[in-house]
Amino acid sequence: MPSDRLSLWQLIARAGLPPGRFIEESGGRVAWRDFAAGSSLDVDAAALAGRCVLVWARGQLPAALAAVALDGLVRRIVFCPPDFPEAQLPAAIADAGVDFLLHDGSVAVPAGLPAGRCGTTLTPAPVRPAGTEDTEWVLFTSGTTGRPKMLIHTLPGLTGPLDDGMAVAAGAVWSTFYDIRRYGGLQILLRACLGGGSMVLSDAQESLAAFLARAGRSGVTHISGTPSHWRRALMSPAAGAMAPSYVRLSGEVADQAILNNLKLAYPGAAVAHAFASTEAGVAFDVRDGLAGFPASLLAPGGKIDMRVEDGSLRIRSSRVAVRYIGAQAPALADADGYVDTGDMVELRDGRYFFVGRREGIINVGGQKVHPEEVEAVVNAHPGVRMSRVRGRANPITGAIVAADVVLSPGYEVEAVAAEVLAACRERLPVYKVPALVNAVEALDLGAAGKLSRRA
Amino acid sequence: MILQDSQGTRMDVRAVIIEQIEKVAKQQQKTLLPLTDDLPLLESGLDSLCLAVIVAVLDDRLGLDPFSGESEAPFPKTVGAFISLYENAV
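Protein sequence lines, in the order shown, are assigned to chains X and B.
My numbering runs 1099 ahead of the 1-based position in the first sequence.
My numbering runs 1421 ahead of the 1-based position in the second sequence.
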């Protein structure tokens, strides 16, 4: 569709192209100034104009550079996450109407599909044409269960949240534990692009310690991740290698323990937790250092509309995705335009607290338990670095609550378990108290950086 | 009935069960009647959540879950029957 909006590249250029402005992965960096006269693709603009292009790359930098080149030029960018199963590629191509594959050589090109390469080396290229297409961005949902769904976003919708006062002066160096093909990661890339900053990308092949050290060397000032990403980062001896001034959490419930621990680890940083999902976009962020969010955010008149219905948070805003695509695509929003986030909230003393996902409920003899609300209590113990609360099948009550914990160094499981259980008994109804506490070496994170809940 | 765990430690199944019942009752602030074999389970002071926790802990400690699998045995009605179920599962 023809458009008079600025393309992503035009927005980057408008924010300024000083020589020190870059986008980086572990293997090296590209100066945006050089990108102005170069191309990371082996096909020219004419071959891509108006197409529906699926971008497939293992690394983040080839994908990011490709997306900047494609926005405003193609009809649709299908931004494939790096863990996407190749076996599902034909279905995604059919559902999204893909008619061009831009890839890094790590995939077999389906017969008959026009294709080209995306990389990180720039070759001289003619001046980039001005954007004329209102390119659609297709992202994959990051759900912790089930097959990922495809969602259409627009660049104005994706950049809508960037007017929240966090637009940062040039010189900011952004980074994220997320992959930029996830909604949460793309938000950070767009902040770096539009705000005049640089971007440090993580790398799946790189150890956490190496990434944190690189973030420190590259001068990262603003960095985001899920609470699970952060719990892992704070376990790393390299956590102190960087000194960010802004730390952001999103994608999972941020409990008080992780907010406090981040404040301790990075005393110079503002710590904010945002509520966002691939479906609903960014709803808000919370900057007072406390878990949950003030009920006043639900008051009418804000940039987004929120309401709580059947216990779950519903969101309506211009940042919500346009729609799902694909066969048997469900409706994204209800008749009033609200997206049901599936995130369950509870009102306590004028503040809403996230208690968990609707589908994650453990049923203990008919009583509902959200793993996250128990984890919030377990994680408050200094001997616990990370925990996963799960249902365990039980012949008496159907299920009971069990907790797997990663211990802090120097703590013994017996003592920690006894104290954690005492805290749980004090703060939770008896059926929510874990029956068992097991010490584990590590807990898995899924591809989207969220705690893997499939035991 | 004596059971050896993976470290070779010998455990008296009855003693372990009684210990767990008392521990869980204390944790859940339930007042237990004296644990005799013919005491009905549901009048012992334990509620179903207590029993659920006891069964889970015994599964971990003894490696026994007599409620799982194909066993179609009726649910034990008394403390004695509950203990026998575990002793017979060894």
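A couple of the hints might just be wrong.
[Stated by the list, open to error] Below, in silico cross-link-like pairs of lysine-lysine (DSSO-like), each with a Cα-Cα straight-line distance of 30 Å or less:
#	chain 1	residue 1	chain 2	residue 2
1	X	K1467	B	K1447
2	B	K1451	X	K1362
3	X	K1248	X	K1467
4	B	K1498	X	K1467
5	B	K1444	X	K1467
[Said to hold, decoys possible] Some chain X residues well away from chain B (every beta-carbon gap over 10 Å; in silico):
#	residue
6	G1318
7	A1501
8	Y1510
In short, the hints are calculated from the structure, not lab data.
Virtual Cβ for every residue (Gly too), placed ideally from N, Cα, C.
Hint check results:
no.: 1; hint: X:K1467 / B:K1447; in the structure: 24 Å, holds
no.: 2; hint: B:K1451 / X:K1362; in the structure: 41 Å, violated
no.: 3; hint: X:K1248 / X:K1467; in the structure: 27 Å, holds
no.: 4; hint: B:K1498 / X:K1467; in the structure: 27 Å, holds
no.: 5; hint: B:K1444 / X:K1467; in the structure: 25 Å, holds
no.: 6; hint: G1318; in the structure: 49 Å, holds
no.: 7; hint: A1501; in the structure: 7 Å, violated
no.: 8; hint: Y1510; in the structure: 20 Å, holds
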